[in-house]
Structure formats: structure tokens, C-alpha cells
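Asker: Input sequences plus hints: build the corresponding full structure.
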Amino acid sequence: MKGKYTLAVAILAHQLGADAFAPSPSTGKIMDRVASSLFVSTTPTTDTKDDWSRPDLQGSSLVEDTLQQMESDVEFQELTKKIAKIGVDGMTKEERAKRRRALDEIGVPNFLQFVAEHKEDDDDENTSTNDADTSSSPVKSRTEQLYRSEPTILQLNIGLYCNQACNHCHVESSPLRKEETMSADVAARCLELLQNTPSIDTLDLTGGAPELNAQFRFLVKLAREWANENNRKLTIIDRCNLTVLMEPNQEDLVQFLKDNQVNVVASLPCYGEDNVDAQRGRGVFQRSVAALKMLNEAGYGTVEHPELELTLVYNPSGPFLPPSQASLEVDYKRELMENFGIQFNGLLTITNMPIKRFADFLAKEGKMKEYMELLVNNYNPQTVEGLMCLNTVSVGWDGTLYDCDFNQQLGMGIVGESQTSKESTKKHKLDVFDIVSLTDLEKYSVRTDNHCFGCTAGSGSSCQGSTA
70 MKGKYTLAVA
80 ILAHQLGADA
90 FAPSPSTGKI
100 MDRVASSLFV
110 STTPTTDTKD
120 DWSRPDLQGS
130 SLVEDTLQQM
140 ESDVEFQELT
150 KKIAKIGVDG
160 MTKEERAKRR
170 RALDEIGVPN
180 FLQFVAEHKE
190 DDDDENTSTN
200 DADTSSSPVK
210 SRTEQLYRSE
220 PTILQLNIGL
230 YCNQACNHCH
240 VESSPLRKEE
250 TMSADVAARC
260 LELLQNTPSI
270 DTLDLTGGAP
280 ELNAQFRFLV
290 KLAREWANEN
300 NRKLTIIDRC
310 NLTVLMEPNQ
320 EDLVQFLKDN
330 QVNVVASLPC
340 YGEDNVDAQR
350 GRGVFQRSVA
360 ALKMLNEAGY
370 GTVEHPELEL
380 TLVYNPSGPF
390 LPPSQASLEV
400 DYKRELMENF
410 GIQFNGLLTI
420 TNMPIKRFAD
430 FLAKEGKMKE
440 YMELLVNNYN
450 PQTVEGLMCL
460 NTVSVGWDGT
470 LYDCDFNQQL
480 GMGIVGESQT
490 SKESTKKHKL
500 DVFDIVSLTD
510 LEKYSVRTDN
520 HCFGCTAGSG
530 SSCQGSTA
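Count along the sequence shown from 1, add 69, and you get the number used in the working numbering.
Derived from the structure by calculation, the hints contain no laboratory data.
Just to be clear, a hint being listed does not mean it is correct.
Capping the alpha-carbon separation at 16 angstroms, the derived lysine to aspartate or glutamate pairs in EDC-like fashion look like this [stated by the list, open to error]:
| no. | residue 1 | residue 2 |
| --- | --- | --- |
| 1 | K362 | E163 |
| 2 | K512 | E219 |
| 3 | K496 | E486 |
| 4 | K327 | E294 |
| 5 | K438 | E174 |
| 6 | K362 | E174 |
| 7 | K438 | E133 |
| 8 | K498 | E434 |
| 9 | K362 | E320 |
| 10 | K247 | E133 |
Answerer: This is the structure:
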């Protein structure tokens, strides 16, 4: 196939110098729950919009400041000690039990049983029990299983290292996560699977801070070159925390993203400084605004360059659901333009999943039951067909395959038989070396659990924003 030789040579060259880009060391119910004070615009602490460009921050690292904040955070230190005592798997089992206990208290069954029992009224009227499995719903009543469709999104979590340690982070990234990083072999295999799966139209790169991983530029450059050589329409997404643009050795990052036509999906949980810093760390807002202005200067998010998409991401700062994505986007665009002169294309709203750091927060505040009840009471059957696990394949930094990024963080890998090895016929957690194409996974049902209520509440939630 055209471009295959180029890809193979580039992979080999990269494997010989894999450290080239290593990181530097140095509905009504919903709105009732939204605290309006979270969206009050704080007065900018600088006099003009231009002052927020902050060229003095470029090339300076946020890592040391993040580490200091982590050391002084009592709750974080307690959590670290607990992980050291019972392990990550032990923590995962414990939080799962807390979610299940909360659901038991309000009389809610497991996720798939709940979904099957709450199908839309017109489904109940037009579909008999005998032919329920022929309905358009991906959930089949007889088996209470969720079946995926043809994959269109390949999402790669290429490492958990990050210059920030946000208190809502469901992957628990931080500057301490240096070991969990994707290898050159796994990255190369992911590119081969992309090539072998014609239905994939989006390569979604996430982390951690994916840009600080050794494989990031390799993946972006090779994927774009291959797509161009083969006339393949491919959207490449960089899930960016914005502050990474200021890190040492990243001075050319914006230009690199632009040259390779990478869409930037950037985290900004509010348009006010106090709220952002409270959730993401001291000094993050100023760096984020400066980074957004850099992206605008390069053409991202502007009318003049529609090909350079800049999308912002909002997630709640507490145990409540996000408001309407469309209405919040209007507020964001007004506030960011008036106060900072910032432009962007669109806004995504994502519900906080009751897992990892957010689950720990809910448990400490005694709000796990309250939050799970909120998710259940706002269940929306129209979100089911838009669940991201239906058309997305998530790959962990070690190459393990998952239905979604949330399952990945809970260790819920896709279980099946290897398509590439004749030696092993036993079912096991599959990785990128067990399959030839991502379509090989279509025969396996999606693994679900009680955290999945987070994706079906209100307008729905996914890595691509609301789903209904």
C-alpha cells in the first residue's frame, strides 16, 4: 500500500532514537444543581488584554510548583499513603464498592439492567419482548449487554506524566507519574492498527500531558504523513492542558501542531481565575490564558483559519451536572473575548465521573450517595445510542485495549482471544498486539459498571462532549 514503506522506515528510525522528544526533567434538574456563583466572571488582575500574553512565562516549568502544592495537600498525601498500602487495584475495588453501596441504598440495579428497564416509551410501545433484540438500541434486553458499532475513533492515552495534578483528574496524572509511558513499539503498533482500520477517522491523543511524552510527535507526524499520502481524511486531536505550551523545550509546540493540522481540545473548567486555580493548581489560569492567546496568534480558533480548530472543555468543580453545552458556550465566548480577547470554535461539557480522585472527594465529603442519586435521577435514555464506548477504542500507555478512557483507569480491559497468536486460545485482556484491525473487537460486548451512569445523565457525557 502506498505510504507503507515510508511508515515502516520511520518507525524503525524512531525506535533507534526513541528519547528524541522525552519530557524535560526540570433538563431542569440539572440547572437546579448548578451553583451560579461558579460562573461569575472574576475581574482580570491585569489592566489590558495584551498583558495576559505573559511572554515571561514561556520556557518556565509548572512542575516544581505543582510538586510543592502536592506536598502541602493533606488529602493528597493521605491518598498517596493509602495507595501505597492497598495498591491501585485495592483502591479501585474500594471505590466500586462505595458506588454499589450507594446505589443499593436507593434501590437501583446494575447499569445495564437499569438501562433495559428504562427504555424510551415509544420503544416499549412498538417493540415486543420477542423481537427486542432487533431494536435500534445497542442494549439488547435478552442478554442485557451493550454492543459496539464500527470503530471511528482511536484514542491513545500515551502516558500519565503531567505538569499539573488537577483535583478532578480521573487518570490521577501528576509530575510523579514518570514510569507509565507508552513505548515506541506500542506507538508503532497503534499506527499499524490505524492503517489497517479504514473506518477510523479520528486519532485522539490524551494523557497526562500527551505532549510531554516521547511518542507524541512521532505519532502525530507519522499519522499525518500517512493520511496525506493515502488521501485518508483523518482528524488528529491533542487533548491539551494549555499550560504545557509554556513548559521548557515546548517553544515550537504550537507551530508543530499547526504544521500537522492537529485540532486542539483544551481544558478550561471556568473563565474565572479563582475557580480554575482552585481546581487545577496555583497559577494555571494565567498560563492557560497566555497559551490560548498563543494559539489564537497562530490562527487557532479564528475565522481566518477554520482548519485550525480550538475547542475548550468544561467540567464541573463539584458534585453537580454541567449546564447546557450550547448556553455555556455562549457565556464562555462572551467572557473570554471581552476580558482577554480570546477566540475559540466550540465548547464541550463533560460530567465528572465518580471514579479516582473525584470518587475520593465524594467519599470524604459523604456525598457519594447524593451524587450517584443525582446521576440516576437525571438518566436520559436518548444518550445511550451516543455512548462513546460504541464507536471508540481506547488504548492504554502499555497497549492494553479498553472500551473507553474511564474503563481504562479502572483496569476494565476488553477480554477476548488473540487474533495473532496460535499458541494461546484462552481469553485474556487484549492488547494492540493481539489484533490485526480494530474491527476485530466488534464481536465483544462492552464492559459496563456502576460508573457508567455518569455518561447517561442529563445531556450525556463523552470525550466529545454531550451526546443528546
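Asker: Hint by hint, say whether it matches the structure.
Answerer: Cross-check of the supplied hints:
With a C-alpha separation of about 43 angstroms, the suggested pair K362 and E163 falls outside the 16 angstroms cut-off, and the hint is violated. Taking the CA atoms of K512 and E219, the gap is near 10 angstroms; set against the 16 angstroms cutoff, the hint holds. A hinted pair counts as satisfied when its Cα atoms are at most 16 angstroms apart, and K496 with E486 qualifies at roughly 5 angstroms. For a cut-off of 16 angstroms, the pair hint linking K327 to E294 stands: about 14 angstroms separates their Cα positions.
Distance check on the hinted pair: K438 and E174 sit about 8 angstroms apart at the alpha-carbon level, within 16 angstroms; holds. For a cut-off of 16 angstroms, the pair hint linking K362 to E174 is broken: about 48 angstroms separates their Cα positions. With a C-alpha separation of about 36 angstroms, the suggested pair K438 and E133 falls outside the 16 angstroms cut-off, and the hint is violated. Proximity of K498 to E434 is assessed by CA-CA distance (about 35 angstroms); at most 16 angstroms being required, the pair is judged violated.
For the given pair, K362 sits about 14 angstroms from E320 by alpha-carbon distance, which is consistent with the 16 angstroms threshold. Taken as a hint, the K247 and E133 pair is honoured in the structure, with Cα atoms around 14 angstroms apart against an allowance of 16 angstroms.
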